[in-house]
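S.K.: Could you put together the complete structure from these sequences and hints?
Protein chains: 4
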Amino acid sequence: MKWRAYFFGQRIENPVDFEIIKPSQNSVALTYQLAHEPQYSDLMTATSHLTGKRINRFTHIPQNSEDLVKKVKMLRLLGQKTGSCFQRCAGLDALITLSSITYDLDKKYGTKYRANYNRFLEHVQNEDLVCNAAMTDVKGDRSLKPSQQADPDLYLRIVKTNENGIIVRGAKAHQTGALNAHEIVAMPTITMDENERNYAVSFAIPSDSEGLIHFIGRQANDTRKLERGTIDVGNPTYGVSGHEALVVFDDVFVPMDRIFMCGEYELTGTLIERFTSYHRQNYGGCKVGVGDVLIGSASTIAEYNGVERASHIRDKITEMVHLNETMYACGLACSYEGTKLPSGDYIVNPLLANVTKQNVTRFPFEMAKLATDIAGGAVGTLPSEKDLKNPETGKYLEKYLKAKADVKTEDRIRILRLIENMVLGAGMVEALHGAGSPQAQRIMILRQADLEEKKKLSKRLAGVKPTPNPDK
Amino acid sequence: MKWRAYFFGQRIENPVDFEIIKPSQNSVALTYQLAHEPQYSDLMTATSHLTGKRINRFTHIPQNSEDLVKKVKMLRLLGQKTGSCFQRCAGLDALITLSSITYDLDKKYGTKYRANYNRFLEHVQNEDLVCNAAMTDVKGDRSLKPSQQADPDLYLRIVKTNENGIIVRGAKAHQTGALNAHEIVAMPTITMDENERNYAVSFAIPSDSEGLIHFIGRQANDTRKLERGTIDVGNPTYGVSGHEALVVFDDVFVPMDRIFMCGEYELTGTLIERFTSYHRQNYGGCKVGVGDVLIGSASTIAEYNGVERASHIRDKITEMVHLNETMYACGLACSYEGTKLPSGDYIVNPLLANVTKQNVTRFPFEMAKLATDIAGGAVGTLPSEKDLKNPETGKYLEKYLKAKADVKTEDRIRILRLIENMVLGAGMVEALHGAGSPQAQRIMILRQADLEEKKKLSKRLAGVKPTPNPDK
Amino acid sequence: MKWRAYFFGQRIENPVDFEIIKPSQNSVALTYQLAHEPQYSDLMTATSHLTGKRINRFTHIPQNSEDLVKKVKMLRLLGQKTGSCFQRCAGLDALITLSSITYDLDKKYGTKYRANYNRFLEHVQNEDLVCNAAMTDVKGDRSLKPSQQADPDLYLRIVKTNENGIIVRGAKAHQTGALNAHEIVAMPTITMDENERNYAVSFAIPSDSEGLIHFIGRQANDTRKLERGTIDVGNPTYGVSGHEALVVFDDVFVPMDRIFMCGEYELTGTLIERFTSYHRQNYGGCKVGVGDVLIGSASTIAEYNGVERASHIRDKITEMVHLNETMYACGLACSYEGTKLPSGDYIVNPLLANVTKQNVTRFPFEMAKLATDIAGGAVGTLPSEKDLKNPETGKYLEKYLKAKADVKTEDRIRILRLIENMVLGAGMVEALHGAGSPQAQRIMILRQADLEEKKKLSKRLAGVKPTPNPDK
Amino acid sequence: MKWRAYFFGQRIENPVDFEIIKPSQNSVALTYQLAHEPQYSDLMTATSHLTGKRINRFTHIPQNSEDLVKKVKMLRLLGQKTGSCFQRCAGLDALITLSSITYDLDKKYGTKYRANYNRFLEHVQNEDLVCNAAMTDVKGDRSLKPSQQADPDLYLRIVKTNENGIIVRGAKAHQTGALNAHEIVAMPTITMDENERNYAVSFAIPSDSEGLIHFIGRQANDTRKLERGTIDVGNPTYGVSGHEALVVFDDVFVPMDRIFMCGEYELTGTLIERFTSYHRQNYGGCKVGVGDVLIGSASTIAEYNGVERASHIRDKITEMVHLNETMYACGLACSYEGTKLPSGDYIVNPLLANVTKQNVTRFPFEMAKLATDIAGGAVGTLPSEKDLKNPETGKYLEKYLKAKADVKTEDRIRILRLIENMVLGAGMVEALHGAGSPQAQRIMILRQADLEEKKKLSKRLAGVKPTPNPDK
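In order, the protein sequence lines correspond to chains A, B, C and D. Once you know that position 158 of the first sequence is 230 in my numbering, the rest is easy, because the numbers rise by one and skip nothing. Once you know that position 169 of the second sequence is 241 in my numbering, the rest is easy, because the numbers rise by one and skip nothing. Once you know that position 139 of the third sequence is 211 in my numbering, the rest is easy, because the numbers rise by one and skip nothing. Once you know that position 313 of the fourth sequence is 385 in my numbering, the rest is easy, because the numbers rise by one and skip nothing.
One or more of the hints may lead you astray.
Since the list gives no way to pick one copy over another, a pair counts as held whenever it fits inside one copy or between any two copies.
In silico BS3-like pairs for lysine-lysine, Cα to Cα no more than 27 Å straight-line [what the hints assert, rightly or not]: (1) Lys467 with Lys480; (2) Lys74 with Lys461; (3) Lys125 with Lys145; (4) Lys145 with Lys412; (5) Lys471 with Lys461; (6) Lys461 with Lys94; (7) Lys458 with Lys528; (8) Lys467 with Lys537; (9) Lys74 with Lys476; (10) Lys458 with Lys94; (11) Lys412 with Lys180; (12) Lys74 with Lys467; (13) Lys471 with Lys528; (14) Lys232 with Lys145; (15) Lys179 with Lys471; (16) Lys480 with Lys461; (17) Lys184 with Lys480; (18) Lys458 with Lys537; (19) Lys184 with Lys412; (20) Lys412 with Lys125; (21) Lys217 with Lys125.
What the hints contain is simulated information worked out from the structure, not anything from laboratory work.
M.R.: Below is the structure:
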């Protein structure tokens with residue numbers, strides 16, 4: 073592929089050899105590898121509703137509640153195996169969302185988007201491709217709508233149209249795993265109105281398309297990956313939280329047959345509600361798997377330090393488990409309570425999906441604090457791996473960083489570094505802002521709450537007579 | 073029935089006419105009434121696995137996960153309809169638990185308890201009886217085991233045995249809805265050991281059996297029910313949280329064919345784990361229904377006061393919805409994730425069931441605080457209904473307690489009284505201690521957490537080599 | 073005194089003999105009694121800046137920070153001694169506020185209010201009178217200003233003026249301890265503007281003035297005081313949280329020399345900021361004293377139940393202490409950081425005073441939950457005192473409600489009832505809404521935060537150059 | 073100075089030129105610089121009780137409560153100016169603690185430690201030296217006492233004694249600002265008993281003494297300081313949280329006249345209680361100043377993004393202010409409530425000092441979450457400074473990372489980097505574990521709570537008669 077990608081002031085010549093993103097590649101690779109292991113095949117694969125073939129579940133459109141549940145369980149499994157972000161879920165959610173949206177668009181407008189979509193999906197399923205959901209625009213002044221911005225390009229938009237396709241310009245931020253994706257699937261990020269028809273656009277293009285520029289974002293301790301050790305990096309195989317890119321669309325051409333929405337602004341709200349519901353569901357899986365690793369790390373360091381029987385330590389680990397399982401319960405519940413859309417696909421319960429993510433904006437922070445508490449101050453003050461490996465200095469560190477007599481000092485340091493990686497890493501920002509910031513979920517929760525029905529319950533019990541015109 | 077029951081220093085002559093418990097009777101009655109309404113029959117009824125007859129779900133032993141889920145949904149429905157406790161769930165959980173326990177006992181010991189049990193269950197199902205789970209002993213000094221207490225009767229025990237049956241003595245506390253139950257189903261409340269064979273006893277007897285004495289407990293504002301108004305009592309039809317009794321077993325005879333466990337202390341731990349799991353599941357239903365009423369009340373009073381558009385009010389209501397739905401998600405998840413027991417019955421996921429109840433020991437308090445916040449200080453300072461109805465004084469209250477011009481003053485007062493009823497009522501204590509106090513769930517959560525597996529995940533990611541003898 | 077007061081549909085003939093308010097009278101009485109005990113005289117008395125006489129500190133205008141600190145410490149002492157509300161602090165804060173406000177009014181407008189005020193204050197100090205701060209109007213539709221209400225009387229206002237005085241009409245809600253006060257000191261409750269000159273009024277009149285009508289509000293379990301026992305009432309001497317009244321001003325005459333503000337709406341905002349600052353300070357004293365009693369009760373019941381060494385119990389008590397002392401620290405800090413006003417009086421630090429009360433809208437709820445947790449379910453299910461005293465039934469309760477062998481059953485019940493009284497009582501509503509609801513403090517906290525100064529700190533550290541026009 | 077110090081596998085040749093620690097040197101330098109600015113001299117300087125000279129307050133022993141208060145206010149000021157840790161407070165607290173401890177030792181044992189101490193203090197004050205408190209031992213297996221460890225050196229101990237002095241061996245962890253200190257002041261870290269006389273040792277030696285080895289710990293994003301930019305490092309002048317070292321005492325000689333305790337294990341508990349009280353006090357100052365910077369940063373980014381009027385943003389900033397001021401109130405209160413020790417020095421209220429730090433183990437985490445929430449996802453995904461400065465790529469970043477039209481893109485990035493620096497940095501670990509981990513404070517809080525006194529309050533109110541032997 074002929075990427076144009078930058079990091080740290082330089083063009084990345086060959087992403088495949090690039091140390092900064094290698095751990096994130098390992099995570100993505102695991103989504104392929106586990107699909108071939110028999111004990112995981114039920115979770116990791118599914119039968120395509122298009123072709124009847126056995127496909128990777130990361131390309132599957134849920135056809136029943138069980139599919140939704142398995143999605144959550146697959147994500148927890150991968151979180152446990154990587155302790156990290158594996159970057160295929162947002163792209164999956166884009167595929168899932170566009171399945172029903174293109175169906176609804178065609179029904180409403182007589183368009184042919186679903187044929188485009190199905191062709192694209194079959195390609196993705198057959199080739200087992202990784203997709204990147206290009207959702208979040210850079211947004212400029214958040215108090216202004218796209219059409220009101222000083223610079224109209226601050227939301228992705230169509231700048232030219234001809235019979236072969238469209239030219240788009242703009243930029244999408246926070247593109248998780250962008251360099252590991254084969255395809256970019258773009259969608260609008262907010263509800264558009266009639267002044268923003270050119271912003272109501274959705275399509276898929278290869279990630280190395282002409283005009284696409286990837287700027288890899290910095291993450292906490294990113295350059296530790298360049299130090300070529302295996303300890304200070306914390307999670308040497310999988311890193312911490314994928315990688316994130318700012319993807320600029322510098323007048324990129326999209327061919328006709330890769331367009332899924334083009335001006336039909338009235339359905340942008342529905343598209344966003346569906347995508348965010350599917351995507352918020354996930355956090356009740358992946359972050360729970362990562363939480364399992366954090367609980368395991370806290371338990372291990374407690375054991376290594378000799379305090380695993382202390383009542384306050386046990387209580388803190390109990391609390392971590394409780395919070396982690398609460399998130400999982402939410403992820404499961406919104407999935408089991410899924411319902412069928414007109415297109416035949418299944419959608420999660422949107423109220424419960426938003427509740428899931430809202431909890432994920434809270435509990436991982438509490439868990440991180442508890443893990444840091446259990447780990448002790450060393451999580452923030454340990455000398456470097458190089459000092460440990462340097463014979464002149466290593467003997468002192470071996471001696472003085474030893475805790476329980478039968479535990480190797482290096483093992484203790486490894487666990488502390490894994491904890492550091494998780495509690496002070498990009499994963500925390502991602503728990504908060506991934507799939508939408510906390511306030512985004514609150515708006516959806518209130519919208520879905522059906523307060524009028526609850527008011528009726530109360531008035532009836534209190535003996536308040538309904539007014540003739542029953543509503544407030 | 074020939075009850076021996078006391079309240080407020082006097083024997084209750086006829087429970088049916090007794091104002092203090094009438095609201096709790098209305099709640100129980102609704103469990104019958106809704107079962108006959110077609111729109112609720114799917115939730116409220118089920119098909120008996122014993123007889124194939126259509127029965128009230130409050131007597132049904134779950135035969136699959138869907139049954140477990142419907143149990144939670146039925147409880148939410150009733151919570152919404154009553155804003156209260158309807159007192160049939162603990163008895164149901166006793167029935168459910170003893171189904172598999174008598175099966176396991178017979179398998180292990182060659183006993184015939186299951187025949188006793190099945191006969192009893194068929195009777196309960198056919199007659200649609202209300203059962204009371206006699207679980208919680210009075211416990212005396214909590215630092216001592218049953219056999220170590222100064223008074224051996226502080227846990228229910230067998231004091232005599234003959235060929236016809238057994239004589240039991242002791243007392244069970246916090247018996248919700250005792251006077252509305254037809255049968256009392258007794259079980260041990262803690263894990264017993266070999267010194268406590270006489271305490272390892274389970275059986276069912278009619279609630280008006282010779283030797284049973286019911287002491288109805290006081291609840292906040294209980295005597296408002298005797299004032300014969302419909303406002304100050306808050307929830308005039310259903311009261312607040314059932315009623316609670318201390319039930320003394322003053323040498324009560326239990327016939328042979330009503331005994332379900334008699335000395336087999338080794339299975340007491342299993343019995344308790346199952347019962348508490350089933351019972352903790354419920355709180356993700358009933359308390360959520362009650363939460364719906366509280367949210368509705370808070371929304372209504374906000375509307376009545378003219379503040380329903382204020383952003384901080386909307387935010388508080390959003391938070392209430394979020395917390396309420398989190399509890400519901402937990403109740404659903406532990407049910408959907410149910411598994412089959414050797415007896416063929418289904419049991420909830422015990423980890424998630426304990427997580428459910430643990431959240432119910434937290435969120436209702438936060439919700440009560442938010443509702444009180446929204447309601448304003450009037451919830452604690454309103455004059456009485458009698459002052460409102462007294463013409464000499466009522467005119468002043470009508471004038472000065474009026475808020476929004478088009479809302480009747482009395483309606484506003486009614487909603488405030490309903491809120492008072494919920495936030496300062498027995499329901500709060502019940503949320504905390506019902507189905508076991510917070511620490512009881514924490515012990516179970518830690519026990520079910522499988523920390524060793526989580527430690528392995530962490531060690532693998534951190535690059536810690538497994539030790540030859542892999543387990544700590 | 074010739075009161076017109078109502079409770080429960082009837083006129084109260086003689087407040088002094090009225091059981092409902094007697095406990096609140098006992099609390100007020102203690103504010104006199106302790107002032108005569110030498111070990112408390114430093115806290116309970118002060119030297120009048122007007123007369124140089126030794127006076128009750130509940131009538132003293134703070135002349136330095138030490139006075140502000142002693143106010144907080146006096147309130148903690150009384151909270152410890154009564155476990156309740158003693159009802160003299162709002163009146164004291166009205167006196168304190170009007171001292172500087174009348175000074176400022178005279179400076180600004182050349183009025184003579186301060187002479188009126190000083191004469192009144194000297195009377196109050198010499199006679200050691202209890203004042204009632206008539207602050208909170210009933211407010212009608214909260215989205216409308218006083219002058220916009222359908223009924224203009226929903227905020228207290230001047231309806232007529234002549235050379236002898238003014239006639240006022242309206243009603244003040246939540247008047248703590250109204251029937252125990254000698255004088256009512258009225259003030260506006262919100263910032264008024266030029267359309268609301270008639271609402272910008274402050275004055276003092278005797279509590280039994282012609283046209284004043286007191287409606288005593290209901291509180292949780294209020295009628296237990298009429299049952300003539302000493303157990304179920306929880307805190308037999310001092311009740312729970314004073315009493316609260318709705319006080320109607322049915323065209324009440326105020327003589328000229330008792331008026332402290334009359335139309336000068338521009339200073340209403342200042343008046344309210346000062347009064348609320350002084351009043352919010354108090355909650356870092358009184359509620360901390362009440363908190364001490366709750367901690368003591370929780371510790372006692374833990375001991376009685378035999379669980380005081382359990383690590384989770386110790387941890388919960390530690391948390392209660394931590395929260396309680398955090399409130400105290402806030403109360404102290406806002407006092408020590410007091411500053412001098414132009415009138416010579418000292419005012420608390422308003423930011424920290426609002427922070428104090430904001431914490432009191434949170435921590436007492438957490439403490440109540442912890443106390444209920446420690447106490448166990450019995451706090452919500454205990455049979456009545458009459459059942460305990462009835463010989464026919466008492467023997468069973470004596471036997472089965474016994475916990476630790478060397479603790480009398482009745483003592484255990486007494487402590488449980490005290491806990492019930494505190495955790496489910498009017499004190500909780502009062503913690504939330506007393507001295508202003510949570511949102512009221514948040515508005516003040518933000519207003520006092522000086523964000524612009526903090527922005528400058530950040531910009532300087534981040535290397536952001538100040539813009540030419542330096543402010544935002 | 074002839075340091076032996078290592079970082080990243082290499083010996084640090086000249087600490088003064090070492091980029092990794094330069095920001096921490098700038099912070100220390102500010103403690104000197106501000107002492108010379110007239111507007112800060114009241115906070116930054118004091119009059120020595122030994123010499124009567126004007127000295128830097130970072131070397132002053134508090135002689136009254138006002139001194140304690142000014143210590144807190146000085147720390148807040150420096151937190152505001154640096155947004156970081158300035159590393160002189162632990163050393164100051166060591167000086168303060170040893171003043172009274174050497175006094176008490178001499179009184180009890182007739183030793184001459186105080187003369188040693190006074191000579192040392194005068195030197196420190198006259199030269200305005202920076203001291204490093206060598207407190208926290210590396211501790212090995214936390215379930216074992218010092219004398220039980222497999223390696224006896226895991227707590228600092230005397231290995232040899234002669235007439236000139238002692239030889240000590242061991243290591244102290246988490247030594248904040250070690251390379252910026254002139255002197256190391258060592259103290260025991262836990263209460264020692266008679267088997268640990270050799271561990272009960274306190275002394276002061278120059279930081280470059282023979283045998284001392286400093287291992288500089290890694291911190292989040294430490295190597296960004298080596299990148300030579302001014303943006304990605306977040307806080308280019310002052311870094312984030314000083315630096316931390318593991319300091320090994322490889323058989324270090326301490327001359328007789330620098331010893332302050334040598335074997336008197338009975339006073340180790342008192343020493344630790346005093347030191348931790350003084351040190352926990354500080355967190356109500358320094359972390360509040362850092363909090364001010366975080367609040368300022370959150371407010372600035374809200375403004376830059378165009379959302380500063382959004383109600384949920386304002387509410388979150390209000391919450392940050394509230395939490396920050398609560399910590400400050402605690403810091404002030406424990407200081408104002410200071411009391412005089414026999415030595416004449418003043419000590420903070422130990423209960424309130426522990427409460428202060430306990431809150432600092434909580435609120436900074438909540439504040440960090442709120443700041444991250446307000447900042448948005450960009451805080452975790454921004455491209456590097458080098459990409460911004462590279463002309464080929466910078467134009468894209470300038471265009472697409474622009475928010476509000478009149479704010480420079482670079483300024484926005486600078487503020488986001490400052491927030492990243494604070495919320496994902498070493499400061500978080502330090503808030504949790506500095507001056508003792510959360511559990512350490514809880515133990516002290518319970519110990520100081522005087523539960524017996526609180527129990528008496530409750531029993532009296534509940535009507536429980538005191539037992540003859542009144543105590544439990």
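S.K.: Hint by hint, say whether it matches the structure.
M.R.: Each hint tested on the structure:
1. Lys467 with Lys480: within (13 Å within a copy, 51 Å between copies)
2. Lys74 with Lys461: between (39 Å within a copy, 24 Å between copies)
3. Lys125 with Lys145: For lysine 125 and lysine 145, the Cα distance is within 27 Å only inside one copy (21 Å; across copies 37 Å).
4. Lys145 with Lys412: both (20 Å within a copy, 20 Å between copies)
5. Lys471 with Lys461: Within. Shortest intra-copy distance 13 Å satisfies the 27 Å Cα cut-off; inter-copy 45 Å does not.
6. Lys461 with Lys94: both (24 Å within a copy, 25 Å between copies)
7. Lys458 with Lys528: between (67 Å within a copy, 26 Å between copies)
8. Lys467 with Lys537: between (81 Å within a copy, 21 Å between copies)
9. Lys74 with Lys476: This pair counts as neither: shortest intra-copy Cα distance 52 Å, inter-copy 34 Å.
10. Lys458 with Lys94: both (21 Å within a copy, 21 Å between copies)
11. Lys412 with Lys180: Classified as within: same-chain Cα gap 18 Å, cross-chain 46 Å, threshold 27 Å.
12. Lys74 with Lys467: between (48 Å within a copy, 22 Å between copies)
13. Lys471 with Lys528: between (69 Å within a copy, 26 Å between copies)
14. Lys232 with Lys145: Neither. Shortest intra-copy (43 Å) and inter-copy (53 Å) distances fail the 27 Å Cα cut-off.
15. Lys179 with Lys471: neither (72 Å within a copy, 39 Å between copies)
16. Lys480 with Lys461: Answer is within: at 14 Å inside a copy they meet the 27 Å cutoff, but 45 Å across does not.
17. Lys184 with Lys480: neither (63 Å within a copy, 44 Å between copies)
18. Lys458 with Lys537: Only across copies: lysine 458 and lysine 537 sit 20 Å apart there, 76 Å inside one copy, limit 27 Å.
19. Lys184 with Lys412: Within one copy only: 22 Å inside, 48 Å across.
20. Lys412 with Lys125: Cα proximity of lysine 412 and lysine 125: one copy only (22 Å, versus 32 Å across).
21. Lys217 with Lys125: Answer is neither; intra-copy 44 Å and inter-copy 61 Å both fail.
The structure is inconsistent with the numbered hints 9, 14, 15, 17 and 21, although it conforms to all the rest.
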